[in-house]
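Use the sequences and the hints to build the structure in full.
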Amino acid sequence: MTEFDHIIAEQFSFVKALKKEQNKSVVVLRHKTLSAEIVVIDFPGDPAVYEILKHLSHPNLPRILSVMPDGQRCRVIEEYINGSTVADILAGGLYTERGVRRIAKDICCALDALHSKNIIHRDIKPENIMVDSKGNIKLVDFDAARIYKRYKSEDTSFIGTAGFAAPEQFGFNQTDPRSDIFALGILMNVMLTGEHPSKKLYQGKLKKVIEKCINLDPNQRFSTARELYAKL
Numbered sequence: 004m005t006e007f008d009h010i011i012a013e014q015f016s017f018v019k020a021l022k023k024e025q026n027k028s029v030v031v032l033r034h035k036t037l038s039a040e041i042v043v044i045d046f047p048g049d050p051a052v053y054e055i056l057k058h059l060s061h062p063n064l065p066r067i068l069s070v071m072p073d074g075q076r077c078r079v080i081e082e083y084i085n086g087s088t089v090a091d092i093l094a095g096g097l098y099t100e101r102g103v104r105r106i107a108k109d110i111c112c113a114l115d116a117l118h119s120k121n122i123i124h125r126d127i128k129p130e131n132i133m134v135d136s137k138g139n140i141k142l143v144d145f146d147a148a149r150i151y152k153r154y155k156s157e158d159t160s161f162i163g164t165a166g167f168a169a170p171e172q173f174g175f176n177q178t179d180p181r182s183d184i185f186a187l188g189i190l191m192n193v194m195l196t197g198e199h200p201s202k203k204l205y206q207g208k209l210k211k212v213i214e215k216c217i218n219l220d221p222n223q224r225f226s227t228a229r230e231l232y233a234k235l
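Counting from 4, one number per residue, gives the positions in the sequence shown under our numbering.
To be clear, the hints were calculated from the coordinates, so they are not data collected in a lab.
One or more of the hints may lead you astray.
Claimed, not checked - Cross-link-like lysine-lysine pairs, in silico, DSS-like; alpha carbons within 30 Å at most:
{"#": "1", "residue 1": "K234", "residue 2": "K152"}
{"#": "2", "residue 1": "K108", "residue 2": "K137"}
{"#": "3", "residue 1": "K27", "residue 2": "K152"}
{"#": "4", "residue 1": "K215", "residue 2": "K128"}
{"#": "5", "residue 1": "K108", "residue 2": "K152"}
{"#": "6", "residue 1": "K211", "residue 2": "K128"}
{"#": "7", "residue 1": "K208", "residue 2": "K108"}
{"#": "8", "residue 1": "K203", "residue 2": "K215"}
{"#": "9", "residue 1": "K137", "residue 2": "K208"}
{"#": "10", "residue 1": "K128", "residue 2": "K152"}
{"#": "11", "residue 1": "K120", "residue 2": "K152"}
{"#": "12", "residue 1": "K35", "residue 2": "K108"}
{"#": "13", "residue 1": "K128", "residue 2": "K203"}
{"#": "14", "residue 1": "K23", "residue 2": "K128"}
{"#": "15", "residue 1": "K128", "residue 2": "K234"}
{"#": "16", "residue 1": "K35", "residue 2": "K22"}
Given below as structure tokens:
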């Protein structure tokens, strides 16, 4: 048992598991005296993205409190966000254009901060957008995130969610900020129609914005999150 394990056992109590997979766990713990809650992520892989996020403070991103590499594995402690995902909210009904614009703008702000550090999220979807108890929007879950490197021709691993992942995530090219913009376009359409745009494309005022986001050619999409924000 590591020093970290001893501290957790002595000072924290288990609240719930958010994710339990073969090689990864995400649990919520509560401090026994302070009652503050944290999220502990245990996963195999490179902590590089989380190391950058630890020094990035942004209202639309979770606070990363600690990053602890341990051999081939890594543990991350981050703030617990009490709220609902966009997926949870969609289960009760579709969003209005006004609601979509508000959330999409906040996600653009989060992406602008990430992209400024060369981080590509690669998994924007309803389950990874949190609305906290005060109505604040947070982009979460950096399992699929990677650091963009100009000299590479394609991603090392093909990670993402089918239906939301841009074509280049499947080996056609390297992902870059425009890949996240593609996924955000899919997200907006799903929030407005409940369907993937291949099944039902939104026909309201945001139609042209969505179509530009989800163009199969990255060069025809919005080039930056700021550019998309300006059209929302």
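Comparing the hints with the structure gives:
1. Restraint check for K234 and K152: satisfied, since their Cα atoms lie roughly 28 Å apart, inside the 30 Å limit.
2. A hinted pair counts as satisfied when its Cα atoms are at most 30 Å apart, and K108 with K137 qualifies at roughly 17 Å.
3. The straight-line distance between the Cα atoms of K27 and K152 is roughly 26 Å, inside the 30 Å bound, and the hint therefore holds.
4. Between K215 and K128, the direct Cα distance comes to roughly 18 Å. Compliance with the 30 Å bound is thereby established for this hinted pair.
5. Taking the CA atoms of K108 and K152, the gap is near 26 Å; set against the 30 Å cutoff, the hint holds.
6. Distance check on the hinted pair: K211 and K128 sit about 20 Å apart at the alpha-carbon level, within 30 Å; holds.
7. With a C-alpha separation of about 16 Å, the suggested pair K208 and K108 falls inside the 30 Å cut-off, and the hint holds.
8. Restraint check: the Cα-Cα separation between K203 and K215 comes to about 16 Å, which is no more than 30 Å; the hinted pair holds.
9. Note on K137 and K208: the hinted pairing holds, with a Cα-Cα distance of about 28 Å set against a maximum of 30 Å.
10. For the hint linking K128 to K152, the alpha-carbon distance of about 24 Å falls within 30 Å, and the restraint holds.
11. About 11 Å separates the Cα atoms of K120 and K152, which keeps this hinted pair within 30 Å; it holds.
12. Straight-line distance between C-alpha atoms of K35 and K108 comes to about 38 Å, which puts the hinted pair past the 30 Å bound.
13. Between K128 and K203, the direct Cα distance comes to roughly 17 Å. Compliance with the 30 Å bound is thereby established for this hinted pair.
14. Simply put, K23 and K128 have alpha-carbon atoms about 19 Å apart, close enough for the 30 Å limit, and the pair holds.
15. Only pairs whose Cα atoms come within 30 Å are accepted, and K128 paired with K234 is accepted, the gap being roughly 20 Å.
16. For the hint linking K35 to K22, the alpha-carbon distance of about 22 Å falls within 30 Å, and the restraint holds.
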